[in-house]
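Go by the hints and put chain B onto chain A.
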Amino acid sequence: MYTLFIDTHSDKIIVILYKDYQIKIKKEVETDHNHSITTIPVLMNVLKEENIEVIDLKEIIVVNGPGSFTGIRLGVTIAKTLAYLLKVPIKTMSSLLLKATSFSHEEVRIVEREKNGVFLGIFNKENHLIGEYSYVNNSEYKKEDNDIENITIDYEKVILFTKKLESINPHIVNPLYVKKIEVQK
Amino acid sequence: MKDIYILAIESSCDETSIAIVKNGCKIESFTVLTQMDTHAEFGGVVPEIASRMHTENITMVLEETLNKSSITLEEIDAIAVTYAPGLLGSLLVGIEFAKTLSLIYKKPLIAVHHTIGHIYANALEKKLQFPLLALVVSGGHTDLIFMEDDYKFKILGSTLDDAIGECYDKVARVLGLKYPGGPNVEKMALKGKPIYKMPKPVNDSSYNFSFSGLKSHIINFVHNEHQRGHEICKEDLACSFQVTAIDEVVRKVELALKNIKVEQFIIAGGVAASGYLREEMKRVADKYQIPLSIPEMKYCTDNAAMIGAAAYPLFLQNKFVDFTLNAKSQATIEENE
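Residue numbers (my numbering), protein chains in the order written: chain A, 923 to 1107; chain B, 20 to 356.
If you are wondering where the hints come from, they were derived from the structure by calculation, not from laboratory data.
One thing to keep in mind: the hints can contain errors.
Said to hold, decoys possible - Simulated pairs of lysine-lysine, DSS-like, Cα-Cα distance not exceeding 30 Å:
{"no.": "1", "chain 1": "A", "residue 1": "LYS970", "chain 2": "A", "residue 2": "LYS1037"}
{"no.": "2", "chain 1": "A", "residue 1": "LYS1009", "chain 2": "B", "residue 2": "LYS41"}
{"no.": "3", "chain 1": "B", "residue 1": "LYS125", "chain 2": "A", "residue 2": "LYS934"}
{"no.": "4", "chain 1": "A", "residue 1": "LYS1102", "chain 2": "B", "residue 2": "LYS21"}
{"no.": "5", "chain 1": "B", "residue 1": "LYS347", "chain 2": "A", "residue 2": "LYS970"}
{"no.": "6", "chain 1": "B", "residue 1": "LYS125", "chain 2": "A", "residue 2": "LYS949"}
{"no.": "7", "chain 1": "B", "residue 1": "LYS125", "chain 2": "B", "residue 2": "LYS347"}
{"no.": "8", "chain 1": "A", "residue 1": "LYS980", "chain 2": "B", "residue 2": "LYS125"}
{"no.": "9", "chain 1": "B", "residue 1": "LYS197", "chain 2": "A", "residue 2": "LYS970"}
{"no.": "10", "chain 1": "A", "residue 1": "LYS934", "chain 2": "B", "residue 2": "LYS347"}
{"no.": "11", "chain 1": "A", "residue 1": "LYS1009", "chain 2": "B", "residue 2": "LYS87"}
{"no.": "12", "chain 1": "B", "residue 1": "LYS125", "chain 2": "A", "residue 2": "LYS1009"}
{"no.": "13", "chain 1": "B", "residue 1": "LYS87", "chain 2": "A", "residue 2": "LYS1101"}
{"no.": "14", "chain 1": "A", "residue 1": "LYS970", "chain 2": "B", "residue 2": "LYS338"}
As the list claims (entries may be wrong) - Restraint-style ranges between C-beta atoms, simulated for each label pair:
{"no.": "15", "chain 1": "A", "residue 1": "ASN967", "chain 2": "B", "residue 2": "GLN336", "range": "57 to 67 Å"}
{"no.": "16", "chain 1": "B", "residue 1": "SER177", "chain 2": "A", "residue 2": "LEU1082", "range": "57 to 67 Å"}
{"no.": "17", "chain 1": "A", "residue 1": "GLU1104", "chain 2": "B", "residue 2": "HIS236", "range": "41 to 51 Å"}
{"no.": "18", "chain 1": "A", "residue 1": "ASN967", "chain 2": "B", "residue 2": "SER89", "range": "33 to 43 Å"}
{"no.": "19", "chain 1": "B", "residue 1": "HIS245", "chain 2": "A", "residue 2": "GLU1104", "range": "25 to 35 Å"}
{"no.": "20", "chain 1": "A", "residue 1": "LYS1064", "chain 2": "B", "residue 2": "HIS236", "range": "26 to 36 Å"}
{"no.": "21", "chain 1": "B", "residue 1": "GLU354", "chain 2": "A", "residue 2": "GLU1104", "range": "27 to 37 Å"}
{"no.": "22", "chain 1": "B", "residue 1": "LYS212", "chain 2": "A", "residue 2": "ASN1060", "range": "30 to 40 Å"}
Think of the CB as a built atom: it goes at the ideal place given N, C-alpha and C, for glycine as much as any other residue.
The shape of chain A in the complex, shown without the other chains (with noise of 0.2 Å):
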């Protein structure tokens, strides 16, 4: 069984294709501030490589955020609509949460940065959120002891994780802004 793995919150496009819960190709592209040229060709490749057709895949997991405005977007709306016409389950999980799967053991901050400030979060060992998201500008930012920013990823630990979230209908997939933009203060 094919999963799709999409994450196009940050510069950097992460596209995987898990089989059976393994990863089978992964593949991670810089963007430069360009995810709509470039996220639908990687995912065509990826396709391609396996030599499977759009039509194999049977789950979309999506990062809804925080993150690049623009990014999330394209990557939800590409999701959701795959979710909805392939009539397969779509999940989301948010920037932070895909950090937090990585330490199981112990309560993290994790620490999404941003040009302007940072995106926070607190997940206890489960790895449940504790209260809300919340965006603080950098000047504002105090560094905790618990605090998580930079970590490489297990992504065979964040499949497994997925496996535990509930799936969503895909017209109601949004992406996780956090951020208030300005009409909003």
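Using the frame of chain A, we list chain B on its own:
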């Protein structure tokens, strides 16, 4: 010849629209979801919110379009999408959505220029008759275009500053009218008389337009009268503005119809929904005995049916694009020839 069905997507501003168009002229199914009420709260389109709403709604708009159609996605011949001009974030949602459909169903992808879409909204009524003169009037455009044939454009003249629709919106704000400004200015103008003296926009023999002088005049006039404690009659001011702005367009159209031989005169773009503009253009077209085409009201504002109509000639010419298609906030129509 086999019938050609194009599924078209438009998301360049604040309308999420999908249509299935047969042979570039017959609408099989058509849905428009407007975000106007949301943006009205902010007094204008907020680009980030527009993009967000496109992502939220696009699969539902597709579902509704398919439910109203007897044609399935498997039977579609091509996927068309607006790639420019417009709000980048909004365009990108439509483009990624279109690419995903193209990928799943292995259908060719066609990139359509939004303004050309507005022009081809006229092909939804009746086949375009070339050569033709097109007047494009919208929030972003005021252009007079000569078309020798499908996708053969020659821009005769354009606005040198603000587009006429933009000017309507600005006047609406000065008069304290709500977004969307254009239709509200027109409603108010209906109740007034053109008694205020206005500066003539561009008094030359080119096909160019200019509206910033008129706009500034109104802003200054309202401000000065307010400073002096004078009452202004908003209805008369709206009417004076509208008559001056449209008269200028009429004058340039008349000049073009006098100098250039065409088989048809067509009007396109959001401001083509203006009743006053429609009446005036009809008067000029009748005077020169040139057949006039104006799209039905619902195809004047942004919609995907016009994108499907504009994609058809490109389909016949095999002008397809690949998955590296990107959105552009600006693009000339001439680069599409």
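Right, here's what the structure says about each hint:
no.: 1; hint: LYS970(A) <-> LYS1037(A); in the structure: violated (35 Å)
no.: 2; hint: LYS1009(A) <-> LYS41(B); in the structure: holds (27 Å)
no.: 3; hint: LYS125(B) <-> LYS934(A); in the structure: holds (27 Å)
no.: 4; hint: LYS1102(A) <-> LYS21(B); in the structure: violated (51 Å)
no.: 5; hint: LYS347(B) <-> LYS970(A); in the structure: holds (29 Å)
no.: 6; hint: LYS125(B) <-> LYS949(A); in the structure: holds (23 Å)
no.: 7; hint: LYS125(B) <-> LYS347(B); in the structure: holds (24 Å)
no.: 8; hint: LYS980(A) <-> LYS125(B); in the structure: holds (18 Å)
no.: 9; hint: LYS197(B) <-> LYS970(A); in the structure: violated (52 Å)
no.: 10; hint: LYS934(A) <-> LYS347(B); in the structure: holds (22 Å)
no.: 11; hint: LYS1009(A) <-> LYS87(B); in the structure: holds (20 Å)
no.: 12; hint: LYS125(B) <-> LYS1009(A); in the structure: holds (17 Å)
no.: 13; hint: LYS87(B) <-> LYS1101(A); in the structure: violated (38 Å)
no.: 14; hint: LYS970(A) <-> LYS338(B); in the structure: holds (25 Å)
no.: 15; hint: ASN967(A) <-> GLN336(B): 57 to 67 Å; in the structure: violated (29 Å)
no.: 16; hint: SER177(B) <-> LEU1082(A): 57 to 67 Å; in the structure: holds (59 Å)
no.: 17; hint: GLU1104(A) <-> HIS236(B): 41 to 51 Å; in the structure: violated (31 Å)
no.: 18; hint: ASN967(A) <-> SER89(B): 33 to 43 Å; in the structure: holds (36 Å)
no.: 19; hint: HIS245(B) <-> GLU1104(A): 25 to 35 Å; in the structure: holds (29 Å)
no.: 20; hint: LYS1064(A) <-> HIS236(B): 26 to 36 Å; in the structure: violated (55 Å)
no.: 21; hint: GLU354(B) <-> GLU1104(A): 27 to 37 Å; in the structure: holds (33 Å)
no.: 22; hint: LYS212(B) <-> ASN1060(A): 30 to 40 Å; in the structure: violated (58 Å)
In summary, the numbered hints that this structure violates are 1, 4, 9, 13, 15, 17, 20, 22.
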